[in-house]
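Following full-length UniProt numbering, the numbering of the sequence shown begins with 1 at its first residue and continues without gaps.
Calculated from the structure, these hints are not laboratory results.
The structure displayed is predicted, hence computed values, not measured ones.
Where is the CB? At the ideal position from N, CA and C, for every residue including glycine.
Among the clues, some could well be false.
[Stated by the list, open to error] Dumping the calculated SDA-like pairs for lysine to any residue here, alpha-carbon to alpha-carbon at most 25 angstroms:
hint: 1; residue 1: K494; residue 2: E504
hint: 2; residue 1: K48; residue 2: V249
hint: 3; residue 1: K494; residue 2: V545
hint: 4; residue 1: K323; residue 2: V301
hint: 5; residue 1: K323; residue 2: V443
hint: 6; residue 1: K494; residue 2: T216
hint: 7; residue 1: K240; residue 2: L304
hint: 8; residue 1: K494; residue 2: S510
hint: 9; residue 1: K323; residue 2: E313
hint: 10; residue 1: K240; residue 2: A256
hint: 11; residue 1: K48; residue 2: T216
hint: 12; residue 1: K494; residue 2: A515
hint: 13; residue 1: K48; residue 2: D310
hint: 14; residue 1: K494; residue 2: V471
hint: 15; residue 1: K323; residue 2: D310
[Claimed, not checked] Listed next, with one range per pair, are the computed distances between beta-carbon atoms:
hint: 16; residue 1: P479; residue 2: N25; range: 53 to 59 angstroms
hint: 17; residue 1: A305; residue 2: K500; range: 25 to 31 angstroms
hint: 18; residue 1: D310; residue 2: A12; range: 43 to 49 angstroms
hint: 19; residue 1: R499; residue 2: V545; range: 31 to 37 angstroms
hint: 20; residue 1: V163; residue 2: A547; range: 34 to 40 angstroms
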Amino acid sequence: MVTRQVLVSLFAGVWAGALIVESWNPIAATALTMEWFVEVVRSPFDAKFIILILFMGAGAAFIYRSGGILALERWIGDRVSTARESQVLTWLVGVFIFFDSYTSTVVTGNATRELSQENKSSREMHAYVLDSTTSPVTTFGPVSNWIGYQVSMIIAGFEAARVSAEQLGLTPFGLFLQSIPWNVYCFMAFFMVGFIALTQRFYGPMLDAEWRARATGATIREDATPLSDVSNDVGEPSEKNPSLVNFFVPILALLAVGLVSMWYLGGGHQPGVDVATAFQETDVAMGLLFGAFAFMLTGFVGSLAYGTMDLEEASDTIVDGFKTMNIALAIIVLAWAIGLAAERVGTAQFIVDTMVGSGVPGSFLPLIVFVAAMLVAFTTGTSWGTMAILTPLSIPLGYQLAGPSVLPVLVGVLFGGAIWGDHSSPISDTTVMSSIFAGSDHVDHVSTQIPFAATAAGATIVVLVLYGFGVQSAYVALPLAAVLTVGAVLALNKLDARRKGLPEVMPSASEVDEAAVERVENGESAGVRGDHDYLSLVPLVAVVVVAAYLLLVFAFATLGA
């Protein structure tokens, strides 16, 4: 965070871990660091992911250079005309892609990035909306590869506790469903995205980023290094024959091929294998790799079919698309390596032993597990890895200390804490991907998102403290957390805006004049306040869709359980 040199800093972290393992021998530590790089790249999942990222970059390059983005802007531009509306639209699109966080980040980011920048929404805000929408939505489902993975972790917890579903009177999937209302952090993170986008009340570094974008038109900080900048890397979009087909068909191919591949690879085509089981047993990386290849291929074919580029230009676009992912791939490989380093030095086990070995009452165990999951995920950069570490420890511990009734609470807060660490950690793959597909500087994305993630986590901690003192209904905890979150956002916005002389309600770019900019530069109040139409089409549609989605989630949780 201090140096803002993420590659150097990540390498230093990996090397420091190797130095500990090799008993402070710097030469041996350097050799071990190289071995760790090779180990993570040779991992089957990671190797697939590297190729997947390259194909995604090429597909995104085709959507941009073929004129697909241009066609979308011309089609929807008159409906989305402000930064606020573009932020709400990004949130809305993210809700529809609830089956995989990677796919959601890629599709939503590509679909709305240019529109957000055109309407002077900062890239930091775009990255935040992507990051804090995708993981919570895919965590709840109702159909996603995240659910399959989380249920598999609960099964591992049952095995560790040496207890069967018959003894508990509850299947692992049933326990997952009961845990959904207790995933307070994810609900608050998702809710905050919409609330902040709709009200335009920012605070912390995001307030500065949004004012910069509205006042100067600079959607990215000067001297920042975006993880992916399509316009710089692949050139300007083609004006020859821009078509919405070149935007929608590659994305639909990515979705259709990715979903069908995951279903097929999980055995969904075999008799007796239902959809939930197929997504639980699938090879996620390979399924998404097939989808990414279809994404690139349809972009390639569409560019030739519509005459937006010739064969040489299309071939060059593939290579240029690969280039857009160079920095991102370097960060991802280093992130995997530092996660491996943390595993080898025992970071996670140390945190777990410290947190859960404190001898506190069983009613406070959810709070301890939530904080432990936050710390493990933050230091290792992986929510799935944190779930793998903590679930087999937490379920037996909860079963022994407090009985079966606490298990849904533990599972819900564990998954939420893991995702908080994923949102806040600069070495998280989903955080990196959000920076990629928003075209944001990675450190800027992390530093602007942390205050918002911390706010949602703070509300969660308060309700878990109350749980320890006896307030043990999720349907009391969730509304209370929402009230606390709204109160915190309003208070922090008011305090920070007054301190900086910036508007509490951020105006659109067209409402900011030179006089307001000059007043802020002179240390005075901006003297301007946003005046937004809360009954316009995009916000109304977003609120209705999100309300319907949440009703579906709670029906899924209640009726399924």
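Violating hint indices (sorted, rising): Hints 3, 10, 11, 13, 14, 17 not satisfied by this model.
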